[in-house]
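Asker: Chain residues, written in single-letter form:
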Amino acid sequence: MKILTEHINTPGIETFDVYRKKGGYQAVEKVIKNMSSDEVIEEVKKSGVRGRGGAGFPMGMKWSFLAKPEGVPRYLVCNADESEPGTFKDHYLMKNIPHLLVEGMIISSYALGANKGFIYVRGELMYVIRILEKAIEEAKAAGFLGKNILGSGYDLELIVHPGGGAYICGEETALLESLEGKRGNPRNKPPFPAVKGLYQCPTVVNNVESIATTSWIINNGGEAYAGIGIGKSTGTKLISASGHINKPGVYEIDLGLPCDEFLNSDEYCGGVRKGHQLKAVVAGGSSVPIVPGNMFLKTANGEDRLMSYESLSDGGFVSGTMLGSGGFIVFDETACIVRNTWNFARFYEHESCGQCSPCREGTGWMQKVLSRIEHGKGSMHDIDLLVDIAKKIEGNTICPLGDAAAWPVASAIRHFRDEFEWHIKYPLEATKPGAVYMGESVLV
Amino acid sequence: MTTTTNKIIFTPERLAKANEMIARYPEGKQKSAIMPIMHLAQEQFAWMSQEVMDYVANLLDIAPIEVYEVATFYTMFHLEPVGKHVIEYCRTGPCVLMGGEEVYAHLKQKLGVSKGQTTSDGLFTLKEVECLAACGWGPCFQIREKYYMHLTNEKVDEIIGELSK
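In the order they appear, the protein sequences are chains F and P.
Residue numbers for the first sequence follow our numbering, so the first one is 1 and each next one is one higher.
Residue numbers for the second sequence follow our numbering, so the first one is 1 and each next one is one higher.
Keep in mind the hints are simulated off the structure, nothing from the lab.
Computed from a predicted model, the values in this text were never measured in an experiment.
Careful: at least some of the hints might be erroneous.
With beta-carbon atoms standing in for the labels, derived distance ranges [claimed, not checked]:
#: 1; chain 1: P; residue 1: G161; chain 2: F; residue 2: G221; range: 27 to 37 Å
#: 2; chain 1: P; residue 1: G99; chain 2: F; residue 2: A67; range: 33 to 43 Å
#: 3; chain 1: P; residue 1: N58; chain 2: F; residue 2: Y127; range: 21 to 31 Å
#: 4; chain 1: F; residue 1: Y127; chain 2: P; residue 2: G112; range: 26 to 36 Å
#: 5; chain 1: F; residue 1: R130; chain 2: P; residue 2: G122; range: 25 to 35 Å
#: 6; chain 1: P; residue 1: K17; chain 2: F; residue 2: E6; range: 28 to 38 Å
#: 7; chain 1: P; residue 1: S164; chain 2: F; residue 2: Y127; range: 15 to 25 Å
#: 8; chain 1: F; residue 1: T431; chain 2: P; residue 2: D61; range: 51 to 61 Å
#: 9; chain 1: P; residue 1: R144; chain 2: F; residue 2: N246; range: 50 to 60 Å
#: 10; chain 1: P; residue 1: K7; chain 2: F; residue 2: Y127; range: 29 to 39 Å
#: 11; chain 1: F; residue 1: K22; chain 2: P; residue 2: R144; range: 47 to 57 Å
In the DMTMM-like style, the derived pairs of lysine to aspartate or glutamate whose C-alpha atoms are separated by at most 25 Å in a straight line are [to be verified]:
#: 12; chain 1: P; residue 1: K84; chain 2: P; residue 2: D61
#: 13; chain 1: F; residue 1: K247; chain 2: P; residue 2: E102
#: 14; chain 1: F; residue 1: K22; chain 2: F; residue 2: E138
#: 15; chain 1: P; residue 1: K29; chain 2: F; residue 2: E177
A short, non-exhaustive set of chain P residues, derived as facing chain F with CB atoms under 7 Å [what the hints assert, rightly or not]:
#: 16; residue: K29
#: 17; residue: F73
#: 18; residue: M76
#: 19; residue: H78
#: 20; residue: P81
#: 21; residue: P94
#: 22; residue: G112
#: 23; residue: S114
#: 24; residue: C131
Cβ atoms here follow ideal geometry from the backbone N, Cα and C, with glycine treated the same way.
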């Protein structure tokens, strides 16, 4: 099913007129004229749609947590801070079909009783901010935003707000701090944003893709959405595919698609680049465990793995990974796992907000140790040191960035320890330009 | 480049835009406008000098420290003078797999600078940035608002040539 991308290649779909002609804003009319807020929340609950930013929390449930104290404004905030390495699907969606997000914002804001909605877009995507602002102007001119929408008495204003370059602002409470004009330091939870969020008012923060699903859900019903996918992984997901594949790009898949098909079919990634072999996969953004190719394709029980939350997590961190943001990165035999692990460690060190000692110190420490291993100056005890540092960060931080930094290191060592040992035992070999370990790495 | 004799002040258009930005946020929450206004300021003044940051603080009626702390947290704000074109090159994992390190080496060699430096003619400043959310279209860099994707050595030569005119 192509729920989000059905019309994405229609010329002019970024304009209100073409989007409307393709059925756009019908869901807004339906919702505002014929449905109560609770009825909209019910449909989203029935759909089973889960947060598409990476956490996978059921959206309808999150909406139902929203506190509704008298006389206190409520806010919907769209998280368009997309910064998880490997992920570019929100960029793709917003740039090509901005009205899908605008329509979703109207439906969602109505469901939550919010009269102001914010779209927090990472500052680097300033050109996308301009595209969204234009779409909002068009929707307003057509009477779908502003005061007394379609004569219903419902007012809604949408504001696009830029970030400034900070991965941590993808964490919902850091995002709210940033929106309030401060440094992006995450808050302790509880209280959750649903109770005390933006400006200490009840707030829901949802990912771009999650909000974008709502118009289809309203037009076709939550049950119809739940009928797509598999088990608790309902609906479709946008996968951002990059790395050593023939056809990098954004693909919308039914959840439950076999991993082998996603990687190798010409309809999707088109297989590993010609003349090369699969070595490893990061299936859901840099924060999820890296797994060897064969472990991506099959579970520990030898079953074919599927592109779904449950199947990718089968085996926990011993033999599994996570769907996460769907940032799908493929490594062939020319990729050095040690170098990539250092690269990711450097990313997390750079992006740590610095509040929590385990993360602030631990990310820097892991980066330094990985750097010396990568550059031929490692010692054998460095490997267990890294595992130990990772363990001491996990679970000891205010926000998940600490875990996100620990998991790539722990999993790379778990599955590719021999590659790290080779760097340490044979530094002259390992530091030759383009040198990659060709020993017992698991190839498919 | 700003000199000490030029007073830091928005053009009339930008001042109007800044006021419009402030008005978007709920009553009493004008500090939220700090980020959009800082982007506007960097657009006009090229980098966030102390004078620029103090000007922004004044516009928003907040203490200068409240601007300094934001400017030093978010990586998009330049805290030192920059060249005419700031090339922000993505250095994160997926772009590397797409060929990013080879293209970066070529770019550095062509410009004759390393990260953080400005070419002697003042045209280009090179910065390394983290994932720009364009991985499948990489390698990539951005200059101001524009994303340059699917980079190759040839494309780099073309872009630098164009911008050097």
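Asker: Hints numbered earlier in the text: which of these fail when held up against the supplied structure?
Answerer: 1, 2, 9, 11, 12, 19, 20, 22, 23
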